[in-house]
Amino acid sequence: MLALDEIDLAIMRATQAGLSLSPQPYQVIAEQLGLTADIVMARMAVMQDSGIIRRIGAVPNHYKLGYRFNGMTVWNVPDDRIDELGVKVGQLTFVSHCYHRPRHLPDWPYNLFAMVHGKTQADVDTQIQQITELLGTDNQACDVLYSTKILKKTGFRSRS
Amino acid sequence: MLTALHKRLLNDFQRDFPLSSRPYQEIADMLGVSEADVLTALTELNDNHYISRIGPIIPPNQLGVSTLVAMSVPEQQIQTVADKISAYAEVNHNYQREHQFNLWFVAIATNAEHLQCLLNAIEQDTGYSALSLPLIDDFFIDLGFKLDLQHA
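As given, the protein sequences belong to chains P and W, one line each in that order.
Each residue of the first sequence is one higher than the one before, starting from 54 at the first, in my numbering.
Each residue of the second sequence is one higher than the one before, starting from 283 at the first, in my numbering.
Read the hints as simulated data drawn from the structure, not as lab findings.
Hints may be right or wrong, so weigh each one.
Taking CB as the label site, the calculated pair distances span [stated by the list, open to error]: (1) W/E357 to P/Q144: 18 to 24 Å; (2) W/D329 to P/P76: 15 to 21 Å; (3) W/A318 to P/Q85: 22 to 28 Å; (4) W/V315 to P/Q174: 35 to 41 Å; (5) P/D58 to W/Q361: 24 to 30 Å.
Here are the computed lysine to aspartate or glutamate pairs in the EDC-like style, where the Cα-Cα straight-line distance is at most 16 Å [said to hold, decoys possible]: (6) P/K202 to W/E357; (7) W/K428 to W/D329; (8) W/K428 to W/D298; (9) W/K366 to W/E405; (10) P/K117 to W/D329; (11) P/K117 to W/D430; (12) P/K205 to W/D365; (13) P/K117 to W/E405; (14) P/K206 to W/D365; (15) P/K141 to W/D420; (16) W/K289 to W/D319; (17) P/K202 to W/D365; (18) P/K172 to W/D430; (19) P/K202 to W/E380; (20) W/K428 to P/D176; (21) P/K141 to W/D419; (22) P/K141 to P/E186.
What you are looking at is a predicted structure, and each value in this text was computed from that prediction instead of being measured.
Ideal Cβ positions, reconstructed from N, Cα and C, are used throughout, including at glycine.
Extracted from the complex, chain P is given alone in its bound form:
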């Protein structure tokens, strides 16, 4: 695992509010941090190659683009099957996140989380049906939690 130093962390912090919408955005960050644009780009390239950065690009606001129905689908699947099933669910085009998380019995029996996004309730119902079919008899229980209110949404922050 690549060790991030203070310069990497400073670059990550400086970019989380978004790159500047001006011709030389990396130069803007470089000037803020007392670096050169070449160093900023080189460090970001290394972080991207090592997976610290998953991708660099535009982050669309699904809700504003008409995807008003956002469901957190949760499933109880056998632990010895979850790796295989999770990869399959994570590949579905309408799934934006897919995670294995611990159960917390008896209140929380679910171990597989998949976020789905649709423009209508019917879209989301169809998506849930697709996941249900994919999981088959490994689906021992499931639920869907729709968000009713976004109370806070910000990018990564790290306390220094």
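Dock chain W against chain P, hints included.
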């Protein structure tokens, strides 16, 4: 109303944003428009909140330790409790959801000890117990989200 350029910028540049000194020029060259056209279109998308930002996306737990927390809070108190939770700098997503567990947030801390202290503090502060569901595995290969913008 989104133009063809807006739509291409939204769908084709969720990844592989150029790491070069003039990235918007590079995008402009790919799309056969000017750098100014790209910057104007992206500024419009940004100002109208069609995009939340352009920048690097970091997978969970790459920087610090995070967890997803669920709370069960009486309906009439949810805004008060949510406001208290959102006030913590370590909390970066906070959603109200329709469920017995109706408040869901992500907390990120520098290390496991800091995270535990934070969860203890939130429980004390709000008076409700925090169900912590930290990530065990991430199955998602994040290539961006294919948007259907036909009617956008």
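Verification of the hints:
no. : hint                         : in the structure
1   : W/E357 to P/Q144: 18 to 24 Å : 37 Å, violated
2   : W/D329 to P/P76: 15 to 21 Å  : 18 Å, holds
3   : W/A318 to P/Q85: 22 to 28 Å  : 24 Å, holds
4   : W/V315 to P/Q174: 35 to 41 Å : 38 Å, holds
5   : P/D58 to W/Q361: 24 to 30 Å  : 41 Å, violated
6   : P/K202 to W/E357             : 13 Å, holds
7   : W/K428 to W/D329             : 22 Å, violated
8   : W/K428 to W/D298             : 15 Å, holds
9   : W/K366 to W/E405             : 11 Å, holds
10  : P/K117 to W/D329             : 12 Å, holds
11  : P/K117 to W/D430             : 12 Å, holds
12  : P/K205 to W/D365             : 9 Å, holds
13  : P/K117 to W/E405             : 33 Å, violated
14  : P/K206 to W/D365             : 13 Å, holds
15  : P/K141 to W/D420             : 12 Å, holds
16  : W/K289 to W/D319             : 13 Å, holds
17  : P/K202 to W/D365             : 13 Å, holds
18  : P/K172 to W/D430             : 9 Å, holds
19  : P/K202 to W/E380             : 10 Å, holds
20  : W/K428 to P/D176             : 15 Å, holds
21  : P/K141 to W/D419             : 14 Å, holds
22  : P/K141 to P/E186             : 12 Å, holds
Comparing the model with each earlier hint shows violations of hints 1, 5, 7, 13; every other hint is respected.
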